[in-house]
Amino acid sequence: MTVLAVITEFVDALRLIVESREAQTGDVQVGGLGEFAYFTGQHLLVSGVALGVAVAVALPVGLYLGHQNKGEFVAVSVSNIGRSVPSLALLGLFIAFAGIGFGNVALVLCLIAVPPILTNAYVGVRQVDPDTVDAAKGMGMTGLEVMRKVELPLAAPLITSGLRLATVAVVATATIGPLADTLTLGRPIINNNVYGEAGPLAGAIAVAVITLLADQAVRIAGRAVTPKGLRLRSDQERESGPNVPSLKRGAQTA
Amino acid sequence: MIDLLAQVQTRQRTGESCVAEDGFCPDYIVANFSDRYLGPFLEHIVLTLVPVAIGFAVAFGLALLAHRRGWLVGPFDGMTGFFYTIPSIALFILLLPFTGRGLVTGIFALVLYTLYIFFRNFLTGLQNVPPETKDAARGVGLTDRQLLWRVELPLAVPEILAGLRIATTTTVGLAALAVFAGAGGLGTVILRDTSFKSDVVTASALCIGLAVVLDLLILALQRAITPWRRAAEAR
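Chains as they are written, first to last, in my numbering: chain V, 20 to 273; chain R, -16 to 218.
I should point out that these hints are in silico values taken from the structure, not numbers from a laboratory.
There could be a bad hint or two in this list.
Residues from chain R that keep clear of chain V, each with C-beta distances beyond 12 Å, as calculated [claimed, not checked]: (1) D10; (2) Y11; (3) V13; (4) L25; (5) F43; (6) L77; (7) T116; (8) K117; (9) V123; (10) L125; (11) D127; (12) L138; (13) T153; (14) D176.
A few chain R residues that face chain V, going by a derived Cβ cut-off under 7 Å, partial list only [unchecked claim]: (15) L78; (16) P80; (17) A159.
If you want a taste of the chain V side facing chain R, the calculated C-beta under 7 Å gives, among others [to be verified]: (18) E28; (19) I114; (20) A115; (21) A227.
Backbone N, C-alpha and C define an ideal beta-carbon position, used for all residues, glycine too.
So that you can see chain R by itself, here it is in the shape it has in the complex:
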């Protein structure tokens, strides 16, 4: 009994000293998960999914417009590419005077990053549709609108989903920097004490884990909605 008590005390003490020494302490992480990590993690998920959804919709519009009116490709490409080149930390901060600190600024900046990825992939997908296929579709009497929704877009699905995968994993990483816009997320956990191993490891692991899980989900979606590709692979 005394032995057991001694053990418990020893464990407790090592647990405390582990935290005091800024160590990597699994017990501490598990015990404090909901207090210290769950909130930022959920914020991080919002900071990923919302910008990806908005960016997808906006870029979809831009790509359809550019697909219809070819001369718009250059300007749209230059504009979205310019945002893509501005370092994310700088963009988060440069937006602060306009939109203030908070979630909105974080989401807005992240949307600007996804635009280029989505736009390029939408357009590549639409351009990769073989001309013969389009001719055949017109030959059977499809209007431009029908051609777009029934032939071109379904055939562009692989490129579109490839873009979705890239945009999602990229956004998970960039969202870690949204802390500079005061938008929260897992970056908060890393920045509040960079020397505390438990914090840094947990936040990094959650970040990478989120990226991997979302990537696998999109991959599964890709396989589910493009069965013809799997058929081609099997052959």
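Next comes chain V alone, as it looks inside the complex:
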């Protein structure tokens, strides 16, 4: 009986995704594949812009700080601060003081993406064997060459795991975009008065699926650019994967 009720709710939510129905508020048609495709597009667009900017800014800074063995405090505490500022509060502050719109949402998401990328890039470069760097210098490589040809490839697994963390966080947080008038997949969640009971559930299913897919996409892309010898077995990959170990290492170096 209760199981049936749960199944019914999920089926109803899935139906909202594939076929449109009249809004709770009347007159308008909501839901349906077309609308959800549009939300998905907006969701991926705002996430992609944010991640692109975050990578362009945080990756070089993290690599440089790691290469110079400087700014350890910055690299580690950035991720600590990033974790204690709730995404909803951050977006709320932006809406209250900077206003709504696509650009502001992208900026908030970018701020969320920077800490894991920066910290993991830093830790990734720092954990490269100093002997390897010495050998590279001994062969006559310049600082930039060492960074590009030695440190960057050797740091690839940790950089990838930082990117995965950032991707998951950004795609997840883009859900609250509709609060700032950016119509992502969070729209049926936030505006459940229009979409009815099935709305939040439909939005949640879509967001969960898209986040897991984005995470896997980054994992596969990261694997492709990682040197063969460094490709870890899946269990090791998890160990250097999401969040915790890199922070632990960060804490140890601090």
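Using the hints, position chain R against chain V.
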């Protein structure tokens, strides 16, 4: 006297218009703190401490089991990691058909988030114990149980507490989204009117403040119960 009255009136009027203009109004926040903010703040504290405590206990059990039986590490890791990857808003909502709106759903989802953090740190802590130390302990005749409680766990304390810090600050942030599970917390204050600066600023500040205070408390605890680390740092 008239001047004073005029001043008071002016202040009152600006105070009102500040609220009417959705501004950031310190006077209004102080005057209405117990009515508007105290309740959600206390809910937020419950939404942080309860899941962290439950998650700590559950993950502790999982980690001890996985430590004893190595083949369980993979499955436990995959399971807890999977929950960790599901976006929190989505998880809060996906649980609604099963557990309904309310505090229980909020706490349950937050527990699922802390599991991965705790599990990984427990395990890393236990694995980082040097083999020589374990050999020595066995050499003086410690049983497996004694080895675990007297040698391995005390030596894993730094990693365990590092995990506690991460889990706590993370949970403070995620609890702001528990409003989507109808579980209250400071997210309620932010969502009820995102354009009212007083609400948004107060709720955010309380959230960040709570995270910082709890983090410092755990840090203090860490220093108090691992004196040998401080000794090593001093040297």
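ask   = Quick check: which numbered hints come out false for this structure?
value = Structure breaks hints 6, 13, 14 and 15.
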